[in-house]
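**Q** First residue of the sequence shown? That's 6 in my numbering, and the numbers climb one at a time after it.
Wrong hints could be hidden among the right ones.
[Unchecked claim] No farther apart than 25 Å at their CA atoms in a straight line, the calculated lysine to any residue pairs in the SDA-like style are these:
| hint | residue 1 | residue 2 |
| --- | --- | --- |
| 1 | 179 | 37 |
| 2 | 265 | 211 |
| 3 | 159 | 264 |
| 4 | 14 | 30 |
| 5 | 97 | 121 |
| 6 | 81 | 45 |
| 7 | 172 | 228 |
| 8 | 288 | 112 |
| 9 | 283 | 228 |
| 10 | 25 | 165 |
| 11 | 173 | 234 |
| 12 | 20 | 179 |
| 13 | 172 | 161 |
| 14 | 25 | 110 |
| 15 | 158 | 128 |
| 16 | 175 | 291 |
| 17 | 169 | 82 |
| 18 | 30 | 128 |
| 19 | 154 | 33 |
| 20 | 244 | 260 |
| 21 | 244 | 219 |
| 22 | 37 | 20 |
| 23 | 224 | 260 |
| 24 | 154 | 224 |
| 25 | 263 | 305 |
| 26 | 30 | 74 |
| 27 | 30 | 176 |
| 28 | 283 | 159 |
| 29 | 175 | 293 |
| 30 | 173 | 281 |
| 31 | 265 | 153 |
| 32 | 154 | 36 |
| 33 | 14 | 252 |
| 34 | 82 | 112 |
| 35 | 265 | 178 |
| 36 | 172 | 125 |
| 37 | 20 | 219 |
| 38 | 14 | 193 |
For the record, the hints were derived by calculation from the structure and aren't laboratory data.
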Amino acid sequence: MNTIEAFEKDIILQKNFITKFKLQKPLSNRLKTKVIFCGTGDSFVAALLAEAFSNFLVRAFDPLDIIKNKNITLNKKIFFVSISGNIASNIKLARMVKQSVAITANPNSKLGMSTSQTISLSYPSSGIFTAGSIGFLASALTCISLVTKFSLKKIEILFLDAQKESKKIKLSGKIFVLGNMYTFPISMYFAAKLYEVLGINAQYERIEQFLHTGLFSAKSGDTVIIFDVNSNYNTKLKKTLIKAGLRVIHTAPNTRNKIKQICYYIFFSQFISLFHAKRVNQKQCYFVNAKKLRDASSEMIY
């Protein structure tokens with residue numbers, strides 16, 4: 006099985022997995038004000054989702070920022086989000102703080118052994134190292150459930166909707182992915198999938214910030230993808246950007262529930278990356294063949 010096939014298998018496994026997923030008990034509002042979520046890569050996206058869905062009672066930080074500013078941890082409990090549990094900056098920080106929790110698929114990892122508590126992530130997978138999908142979904146839902154109560158009923162319907170809609174999407178030019186308070190982290194996640202799976206140049210921004218900054222680097226024919234619900238504002242935004250010569254993709258899930266919207270955009274991000282790879286008969290994720298880049302990453306983060 007090649008890594009694109011493994012990526013597809015892990016994506017498909019989510020449909021059944023999410024119906025059985027066990028949520029955590031939310032922290033009290035008092036405890037939330039004393040909590041920091043910390044992670045890197047996809048795990049940092051999960052941390053940002055916790056921050057947004059807590060109405061910013063909890064905070065999300067990059068581990069290196071905290072290592073360089075130790076006062077941030079004063080009287081705080083740190084939740085480290087890491088699938089592997091082997092990220093060096095997380096481990097170093099965990100050994101520096103008194104109260105810590107590892108949210109990880111490897112509780113016996115160095116991170117798991119360096120924290121005072123673990124929340125174990127359990128999910129099925131292809132067994133092949135590939136771009137993150139089901140592991141990210143598990144960590145994201147775990148983080149969100151720690152800060153707010155919600156239900157996952159009928160999510161599989163949104164999975165099928167995202168699969169159907171993403172088949173229609175073709176990418177061209179530079180990709181700009183825009184999000185709001187809740188979907189901005191998913192725009193980061195989508196960009197990460199475009200990097201890892203396809204090696205495509207992509208940029209993620211908040212909707213308003215894009216209009217002040219990133220828009221001025223866009224060229225005619227570039228693609229703007231909007232992760233937000235239907236509204237008069239977004240209708241105007243789409244028309245305005247098309248008039249300026251940009252391709253605009255705005256797909257909105259048929260739900261007002263913010264958790265379900267997040268799940269839809271996660272699936273949508275994965276499927277677009279997968280289907281684009283299959284269209285060009287790509288067998289391996291870009292990061293697998295980019296050995297020098299992968300080695301540079303590994304040398305610095307492990």
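**Q** Hints numbered earlier in the text: which of these fail when held up against the supplied structure?
**A** Violated: hints 1, 4, 8, 12, 17, 22, 23, 24, 25, 26, 27, 28, 33, 35, 36, 37.
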